[in-house]
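Participant: Generate coordinates for the entire structure from the input sequences, incorporating the hints supplied.
Number of protein chains: 4
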Amino acid sequence: MSALSPPSPAPRIGVWFVGARGSVATTATVGALALRAGLGSPDGCVAELPEVAAARLPGLAELITGGHELGHGSLPKRAEELAAGGVFPAQLARALSAELAEADSRIRPGAGPGGETQRAAARRIADDITAFRDRHGLDRVVVVDVSSTEPPAPDHPALADLDALERALDAGESPLPASSLYAYAAYRAGCPVVAFTPSPGPRPPALVQLAAREGLPWAGSDGKTGETLLKSALAPMFASRALTIRSWTSVNLLGGGDGRTLADPAAAESKLRTKGQGLEAILGRPVDGPMHIDYVADLGDWKTAWDHVSFEGFLGTRMTLQFTWSGCDSALAAPLVLDLARLTARAAEAGETGPLAALGFFFKDPAGDGVAHDLGTQWRALTEWCAALGERA
Amino acid sequence: MSALSPPSPAPRIGVWFVGARGSVATTATVGALALRAGLGSPDGCVAELPEVAAARLPGLAELITGGHELGHGSLPKRAEELAAGGVFPAQLARALSAELAEADSRIRPGAGPGGETQRAAARRIADDITAFRDRHGLDRVVVVDVSSTEPPAPDHPALADLDALERALDAGESPLPASSLYAYAAYRAGCPVVAFTPSPGPRPPALVQLAAREGLPWAGSDGKTGETLLKSALAPMFASRALTIRSWTSVNLLGGGDGRTLADPAAAESKLRTKGQGLEAILGRPVDGPMHIDYVADLGDWKTAWDHVSFEGFLGTRMTLQFTWSGCDSALAAPLVLDLARLTARAAEAGETGPLAALGFFFKDPAGDGVAHDLGTQWRALTEWCAALGERA
Amino acid sequence: MSALSPPSPAPRIGVWFVGARGSVATTATVGALALRAGLGSPDGCVAELPEVAAARLPGLAELITGGHELGHGSLPKRAEELAAGGVFPAQLARALSAELAEADSRIRPGAGPGGETQRAAARRIADDITAFRDRHGLDRVVVVDVSSTEPPAPDHPALADLDALERALDAGESPLPASSLYAYAAYRAGCPVVAFTPSPGPRPPALVQLAAREGLPWAGSDGKTGETLLKSALAPMFASRALTIRSWTSVNLLGGGDGRTLADPAAAESKLRTKGQGLEAILGRPVDGPMHIDYVADLGDWKTAWDHVSFEGFLGTRMTLQFTWSGCDSALAAPLVLDLARLTARAAEAGETGPLAALGFFFKDPAGDGVAHDLGTQWRALTEWCAALGERA
Amino acid sequence: MSALSPPSPAPRIGVWFVGARGSVATTATVGALALRAGLGSPDGCVAELPEVAAARLPGLAELITGGHELGHGSLPKRAEELAAGGVFPAQLARALSAELAEADSRIRPGAGPGGETQRAAARRIADDITAFRDRHGLDRVVVVDVSSTEPPAPDHPALADLDALERALDAGESPLPASSLYAYAAYRAGCPVVAFTPSPGPRPPALVQLAAREGLPWAGSDGKTGETLLKSALAPMFASRALTIRSWTSVNLLGGGDGRTLADPAAAESKLRTKGQGLEAILGRPVDGPMHIDYVADLGDWKTAWDHVSFEGFLGTRMTLQFTWSGCDSALAAPLVLDLARLTARAAEAGETGPLAALGFFFKDPAGDGVAHDLGTQWRALTEWCAALGERA
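Keeping their order, the protein sequence lines are chains P, Y, X and C. Heads up: the first sequence begins at 1 in UniProt numbering, then just goes up one per residue. Heads up: the second sequence begins at 1 in UniProt numbering, then just goes up one per residue. Heads up: the third sequence begins at 1 in UniProt numbering, then just goes up one per residue. Heads up: the fourth sequence begins at 1 in UniProt numbering, then just goes up one per residue.
The hints are simulated quantities; they were obtained by calculation from the structure and are not laboratory data. A couple of the hints might just be wrong.
[Said to hold, decoys possible] Residues of chain C clear of chain P, computed beta-carbon distances all greater than 10 Å:
#1 62
#2 86
#3 90
#4 150
#5 152
#6 157
#7 160
#8 215
#9 246
#10 247
#11 265
#12 273
#13 285
#14 300
#15 316
#16 368
[To be verified] Here are some, though not all, of the chain P residues that point toward chain Y, as calculated from beta-carbon distances under 7 Å:
#17 31
#18 40
#19 43
#20 84
#21 85
#22 88
#23 314
#24 324
#25 375
#26 376
Each residue gets a CB set at the ideal place from its N, CA and C atoms; glycine is no exception.
Facilitator: And the structure:
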């Protein structure tokens, strides 16, 4: 390289949100813009810890956002609403209103029910993503699903096999859950996928095959931000101390959009399924006790979880632990979404394909074979993977 | 060995308690007898987990107990009192009263203030332990300090060096804190030591030298049974999620003997010192927030801890976690005491000497160089050590 | 009265339990026997407070118990089980086993589904009660329903009017819910009724008419022992401080028989209905927030309730209160059951008829016109009534 | 009155704060201005409840504020800081900045240690208050102490008697605690006094005599805003249910100015004294259990209190209640301060003198003979007094 050649530019990474004006995407967008402008500190960004940064990740300041959204409104307005709800300081929303308006202009209409066929919708979605990549000269775009939770995927035969899926799409059928339609289109556009919700997304076998065929990595599912995070830190404590858990009761009070969605029992079923499995996986047996997700409108973007654990120690003595977690779901999720985009982009750059088991640390329902649910073990897997990535091109 | 020779007998291990009629020693004695009689299940015994049992430990049924005690009373009576306080079922105390009376007959008067010199007291203590070993034909005796918490060790120059210590003892001086006197005598009797309290015990440099010179292992200090256990499981969660802890308030309400001891500010200082250091070690910086240990007589042998954690996430958003732990201290400590006796006996058998860093999992103030405070890391260190021990003679 | 005449004997009062071997009746029976034998102190007995005792109530030692029961088993055995679950000390069950066996001999088979007509069953029940009164020479018998919760009463037309009810019974129909069948029979035997459960019992209009026609008092419904008690103490605090409650979430974890019954949604509906109405009555408007009753088997006779209250103060500032109540339901209910028997017996003696509004203090769903739900107001009403009763013959 | 005469104008009331730029006074000032401007709802204002408004109180919009302050800064700036801390919405501080600047211009320098004699300081303070009343043509000024908590009053003999006090002041002595100096000056200016802090203020006998001699009413002490409020609602529940409280532990975590002041043990002593006495007064006996007030800087203007209540029910069964109160102290105190100013002004108008026992509802340490601590009884006393005031001129 001659002395006159410019420095090799940092890779430019696009983050394409499905649900781009939702609470999580808006908070992530505000955060990315704020950090680029030097207006906040990256608390909650795992990728800024040295053990993870060791993977040589794209910088926070190199991210550019876009996405699909079914709803109306605008990012500046959504940001104001979230600030009023205490998700981030109001002055941040004001200071970044021009940048947010610009980011909003990169959001395209999502694919709703009816109208076009899924084949056409997939093509349109892929075209939107490709256009975004081309217009901004991006090295890579990661598609991140942060849209509302869907019910569990019905057992459509076309989801079991990629060829069957293609035939069904060709025949004008609509076999894909919405979240999987976006994953399909993302792969068709050559983009890795992050499933931050419990929706089916990239999980149906047909899509697992497609990712493999395209040589793309993907990560999921269902970001572990609150009560399940605590469970994955506490359950190993009981297990390693040989204390038998007799019952574990979980109550989750949620306001905001996610709470409203989960007031629908069908959607709640997806969430409860992924929330419940971690405890069983860590303890090696099912555990008694109710699990509730309740919509309490006045909590807004905040969530309060109360857990009551009854356990048995030496000679049958009964004891209890209870905890109350009071957190802001969007503020907890947004930095992880940015982390996942950066880590998945780096994995794609390094040539990884298929489910990224090392990212199980971030998820309630980690994809990949034999992924641990215990947070400490997940952290070790993540950091070892990052160290190895750091050694690679 | 001819085909007719009997099977090599299991090693017989003695557990010699300092504070042999205290709540913890009584509960451990009841538990060891109950498990031998098939009257209870070993919940809370870490050594029964396969990853730890892999070390090929002496069996619970092979343990025989004895000890020193300053107080009056008797094990059967103490057991009845503890059962009335809900520490274990009353029928257990009744069913084992003969065995408890027999165990009580193996308890010798401890060394109180005044009367004999420390040189004489140490000799008497060592003789008691040796007599116990000989009478019962034991392969090994582990001395376990579960007596009341002492104030931090004063800076006596004789504690800094073994030769200086011996000279001081020869001169009729009393440089040793009571807990260290027992550790000294134990080493002189060829026994490894477990320090389950925050008292100085084996920690002064003179005693560290003595253990090394005698080729004996030792473990300590201050059993991690409740609130600190939770801290060591939860603090790594915050750290690995890049969530900044702003304050951590700890309130411990204790009844019973330990609570009364800790109502003395000097003794509480020992406890607060070891409780506080774990959080700082895990987070790498001091954390604001009060820490209280309060004596609330009506709680009896139970303890209630309330912790309030205030932390900061993305873009400065403040959130909280609080938990209430309601546990029976003796029931939590007793199985760990049996675990430590078995693990330390096995370490001695395998020729380990000095502080057993791999046992940091059990302690608030783990001895050994660079021992982690994070429970998950401690668990891994313990189980790797156990696996390696299992490979050795 | 001549100087030689003996002192007028204290009135002898019978307490006839519906559900006589249930947890509450067993605990109340144990308690009455224990207090008579001088084996316990009457903590939790409101009638022992001077403001209530002012009514000149029959003494605890004058009570004699009997009742109906569908289940098998025996009082001594049930007492042992409850003692094992921590409801009262085991030595109490042992010390009173002869008296409990005698009390068990006064329990008669209850009326189950099928077999006899309700007309015949009512006659049999009334005969049992009358025989109990005659055999023991009692001045008065109070029938107290402490059986399992039934679903809300269906709208049978015969329940709306006493004459219609009598015609239906004559016609061999079964219009009465089980709890109301017992109330009917009690009135026919000339006995006042206490409804300690949310079951319909004395509430259908036909039974209200019957009580009036017979000139008998009755009290109900649904003993206020735990979380609802707290609500009735705390909601007035918010109201009188002009703090607007935005949501009130209630989670009730119950083991034992009552928990199992309430795991049936139909039965839970009765309970949730009476639990919910107090808050609305005190605040004068409905309040948002989920209310759960969950069966958690391992809690046994204990109950843990967690409530989360979100409220708004000056200039819209949002604040929260949360509480955890950990109580033994039978131990809380049993003394109130004895209180109610004594107070209702005294009311009958003083000639009161119809719903005893002054006893609203004891109930989640207080009978009588315009009865307050606020605990302080209820206490004042109770004590004023007691003072007035004390002035009467 | 002729048809042409104008309506009699509403009385205009001045509120003169001691500590006029503190958190409570600033929030009260913002609130009064906001409500006048129609920018908020009066949640938390007891005087707006119909049972209290029945006293025919001066309207919120008729209040005009002023006061003394030792510290620098300005109301608009303090309001911004409080809004940033979540005490009230930031737009309120911005919208009212002109009005706040105007209110700030009515604040005069307070009396600090040193410099002038107490005689001179009292004269200056009284002159400031009189000038405020004259300039704004006020009917009445109520002096409200919301300054930082002082240590308990030392036993100066001049405080025991008004004549002795006057002689000491004439002699150039400084016998008065600062809070009492303001009360003295207020009375000399003909103004009633409200003591919202636990400082001595109007409590020394010499000042009680002065109020009586001047025919002025006064109210105090120590506003009951949080944990003590809950105690006064919950303790009567236990008492009326005959449940024996065995221990009551109280932990108060406070940030902000008040927390910092109370980190000084001498000042905390005042607070702990008034906090503790309510429970004892309600239960009629002292109650075991620690009480902590801790300064936790990061909580800002918020307070978290955790209470743990251990109680005993029927046959000795032990149960627990715990609660966590998370409130904003200034937002809780400010509306009560406005209430007290209005109620005390009305009392003065109606000719009441001496301690206003009916206002015990507002205080931890209610002045007046035999004032109840039970919240329900206090509420009844308040509303009966208000009803009677409503009948008077």
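Participant: Hint by hint, say whether it matches the structure.
Facilitator: Hint check:
1. No Cβ of chain P approaches the Cβ of residue 62(C) within 10 Å, the least distance being about 32 Å, so the stated non-interface status holds.
2. In this structure residue 86(C) is not separated from chain P by more than 10 Å, as the shortest Cβ-Cβ distance comes to only about 7 Å.
3. At roughly 6 Å, the least C-beta separation between residue 90(C) and chain P is not larger than 10 Å, which violates its mark as non-interface.
4. The beta carbon of residue 150(C) is kept farther than 10 Å from every beta carbon of chain P, the shortest such distance being approximately 35 Å.
5. No beta-carbon of chain P is positioned within 10 Å of the beta-carbon of residue 152(C); the least distance is around 36 Å.
6. With a least CB separation of 52 Å from chain P, residue 157(C) remains clear of the 10 Å interface cut-off, as annotated.
7. Every Cβ of chain P is farther than 10 Å from the Cβ of residue 160(C); the closest lies at roughly 50 Å, confirming the non-interface assignment.
8. Listed as a non-interface residue, residue 215(C) keeps its Cβ farther than 10 Å from every Cβ of chain P; the least gap is roughly 48 Å.
9. No beta-carbon of chain P comes within 10 Å of the beta-carbon of residue 246(C); the shortest separation is about 19 Å.
10. With 10 Å as the threshold on Cβ separation, the claim that residue 247(C) sits away from chain P holds: the shortest Cβ distance comes to roughly 18 Å.
11. Interface exclusion of residue 265(C) from chain P stands, the closest Cβ pair being 31 Å apart, more than 10 Å.
12. Once the 10 Å rule is applied to beta carbons, residue 273(C) is consistent with being away from chain P; the minimum gap is 31 Å.
13. For residue 285(C), the requirement that its beta carbon stay farther than 10 Å from each beta carbon of chain P is met, with the minimum near 30 Å.
14. No Cβ of chain P approaches the Cβ of residue 300(C) within 10 Å, the least distance being about 13 Å, so the stated non-interface status holds.
15. Against the 10 Å criterion, residue 316(C) stays outside the reach of chain P, whose nearest CB is about 19 Å from its own CB.
16. With a least CB separation of 39 Å from chain P, residue 368(C) remains clear of the 10 Å interface cut-off, as annotated.
17. Look at residue 31(P): its Cβ gets to within about 6 Å of chain Y, closer than 7 Å, so that hint holds up.
18. Interface restraint check: residue 40(P) against chain Y, minimum CB-CB distance 5 Å, threshold 7 Å, status holds.
19. Given the 7 Å rule on beta carbons, the hint for residue 43(P) holds: about 5 Å separates it from the nearest Cβ of chain Y.
20. Contact between residue 84(P) and chain Y, as hinted, is not supported at the beta carbon level, the nearest pair being about 14 Å apart and thus beyond 7 Å.
21. Restraint check, residue 85(P) versus chain Y: the minimum CB separation of about 11 Å is more than 7 Å; hint violated.
22. Interface restraint check for residue 88(P): the shortest CB-CB distance to chain Y comes to about 4 Å, inside 7 Å, so the restraint holds.
23. Annotation: residue 314(P) was flagged as interfacial toward chain Y, and the flag holds, the nearest CB pair being 4 Å apart, inside 7 Å.
24. Interface hint at residue 324(P): satisfied, since its Cβ lies 5 Å from the closest Cβ of chain Y, which is below the 7 Å cut-off.
25. Satisfaction of the interface hint for residue 375(P) is found here, the shortest Cβ-Cβ separation to chain Y being roughly 6 Å, below the 7 Å cut-off.
26. The beta carbon of residue 376(P) is positioned within 7 Å of a beta carbon in chain Y (closest approach about 3 Å), and the interface hint is therefore held.
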